[in-house]
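K.L.:
This is what each chain is made of:
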Amino acid sequence: GESVGLHLPTLSVQEGDNSIINCAYSNSASDYFIWYKQESGKGPQFIIDIRSNMDKRQGQRVTVLLNKTVKHLSLQIAATQPGDSAVYFCAEKKGMDSSYKLIFGSGTRLLVRP
Amino acid sequence: KAGVTQTPRYLIKTRGQQVTLSCSPISGHRSVSWYQQTPGQGLQFLFEYFSETQRNKGNFPGRFSGRQFSNSRSEMNVSTLELGDSALYLCASSNAGFDSPLHFGNGTRLTVT
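Chains as they are written, first to last, in the numbering used here: chain A, 251 to 364; chain B, 94 to 206.
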């Protein structure tokens with residue numbers, strides 16, 4: 251079926267280090283991508299998004315990189331903190347205009363070691 | 094501004110029963126989407142509503158249905174529950190702009206026994 255990303259790997263990082271979470275998407279025609287963070291017992295929380303006409307977008311401590319050539323998306327978290335521990339999902343917009351559905355990756359679990 | 098609110102937070106039902114889940118979107122958001130989250134399948138799109146009309150539907154059986162009211166609040170219904178329907182059901186709203194991210198509620202955890 252449709253998929254963005256294939257596995258649920260775990261990334262373990264030391265507090266204060268930078269984290270890089272990767273995601274592969276399948277639809278080269280997709281034009282909008284979003285990263286979400288999901289903590290235990292909560293719904294996915296919006297982190298940052300990027301349109302396909304951009305290669306990079308920065309937020310507070312986070313950067314998203316988009317490589318359309320290889321259909322790859324990454325989320326970089328600077329100075330990772332214990333509160334960053336969660337499952338991170340990339341999502342790809344599929345559809346026209348505002349009527350769309352998101353295709354989610356299976357997620358990456360980020361563990362921050364104190 | 095209050096976030097997306099879903100009720101109830103937890104539900105336990107028996108096979109064959111039906112269930113109705115409720116979602117109140119962020120104020121001003123007119124698009125409401127529903128997703129199912131399970132450990133095996135991850136996050137799967139159910140349907141999307143805008144101005145009381147279903148605009149998009151995922152690959153789920155007809156037992157899954159929904160509706161949206163004039164105040165943008167939405168409900169989803171699952172009839173003839175099966176064990177495999179046990180999941181976290183997430184509602185998300187957006188302001189329906191082209192680059193408008195979905196904002197999710199904390200979900201309703203449905204357990205079917």
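The hints are simulated quantities; they were obtained by calculation from the structure and are not laboratory data.
Treat the hints with care, as some may be off.
When the alpha-carbon atoms are kept at most 27 Å apart in a straight line, the in silico DSSO-like pairs for lysine-lysine are as follows [as the list claims (entries may be wrong)]:
(1) K306/A x K344/A
(2) K318/A x K292/A
(3) K318/A x K306/A
(4) K106/B x K344/A
(5) K321/A x K306/A
(6) K106/B x K150/B
(7) K292/A x K344/A
(8) K94/B x K292/A
(9) K321/A x K150/B
(10) K150/B x K344/A
(11) K94/B x K321/A
(12) K321/A x K344/A
Residues from chain B that keep clear of chain A, each with C-beta distances beyond 12 Å, as calculated [said to hold, decoys possible]:
(13) T107
(14) G109
(15) Q111
(16) S115
(17) S124
(18) N149
(19) S172
(20) E175
(21) S179
(22) L183
(23) D192
(24) P194
(25) L203
(26) T204
Ranges of calculated distance between the beta carbons of each label pair, as one might list FRET restraints [as the list claims (entries may be wrong)]:
(27) K292/A x S179/B: 32 to 40 Å
(28) G266/A x F153/B: 21 to 29 Å
(29) K318/A x N170/B: 38 to 46 Å
(30) S179/B x N277/A: 23 to 31 Å
Every residue gets a Cβ at the ideal spot worked out from N, C-alpha and C, and that includes glycine.
K.L.:
Take the hints in turn and mark each one as holding or not.
P.N.:
Here's how the hints hold up against the structure:
1. K306/A x K344/A: With a Cα-Cα distance of about 20 Å, the restraint between K306/A and K344/A holds, given a limit of 27 Å.
2. K318/A x K292/A: violated (31 Å)
3. K318/A x K306/A: holds (11 Å)
4. K106/B x K344/A: It is violated: about 33 Å lies between the C-alpha atoms, which goes past 27 Å.
5. K321/A x K306/A: Within the cut-off at roughly 14 Å; holds.
6. K106/B x K150/B: holds (25 Å)
7. K292/A x K344/A: holds (24 Å)
8. K94/B x K292/A: holds (18 Å)
9. K321/A x K150/B: Holds. K321/A to K150/B sits at ~26 Å (cutoff 27 Å).
10. K150/B x K344/A: holds (12 Å)
11. K94/B x K321/A: Not satisfied, since the Cα-Cα distance of roughly 36 Å exceeds 27 Å.
12. K321/A x K344/A: Holds, because 14 Å separates the two Cα atoms, which is no more than 27 Å.
13. T107: The claim stands: T107/B keeps its Cβ more than 12 Å from every Cβ of chain A (closest is about 24 Å).
14. G109: G109/B clear of chain A: closest Cβ-Cβ about 28 Å, beyond 12 Å.
15. Q111: The claim holds: Q111/B sits with its nearest Cβ about 24 Å from chain A, beyond 12 Å.
16. S115: Non-interface label on S115/B holds, nearest chain A Cβ at 15 Å vs cutoff 12 Å.
17. S124: S124/B is in fact no farther than 12 Å from some Cβ atom of chain A, at 7 Å.
18. N149: Violated, because the least Cβ-Cβ distance between N149/B and chain A comes to about 5 Å, which does not exceed 12 Å.
19. S172: Label holds. Min Cβ-Cβ 22 Å, cutoff 12 Å.
20. E175: Holds, because the least Cβ-Cβ distance between E175/B and chain A comes to about 20 Å, which exceeds 12 Å.
21. S179: For S179/B, whose nearest Cβ neighbour in chain A is about 16 Å away, the distance exceeds 12 Å, so it holds.
22. L183: violated (5 Å)
23. D192: violated (6 Å)
24. P194: violated (5 Å)
25. L203: Non-interface label on L203/B holds, nearest chain A Cβ at 14 Å vs cutoff 12 Å.
26. T204: Per Cβ check, T204/B is outside 12 Å of chain A; nearest 15 Å; holds.
27. K292/A x S179/B: 32 to 40 Å: About 19 Å separates the Cβ atoms of K292/A and S179/B, which means 32 to 40 Å is violated.
28. G266/A x F153/B: 21 to 29 Å: violated (44 Å)
29. K318/A x N170/B: 38 to 46 Å: Taking Cβ atoms as reference, K318/A and N170/B lie about 40 Å apart, which means the hint holds.
30. S179/B x N277/A: 23 to 31 Å: holds (30 Å)
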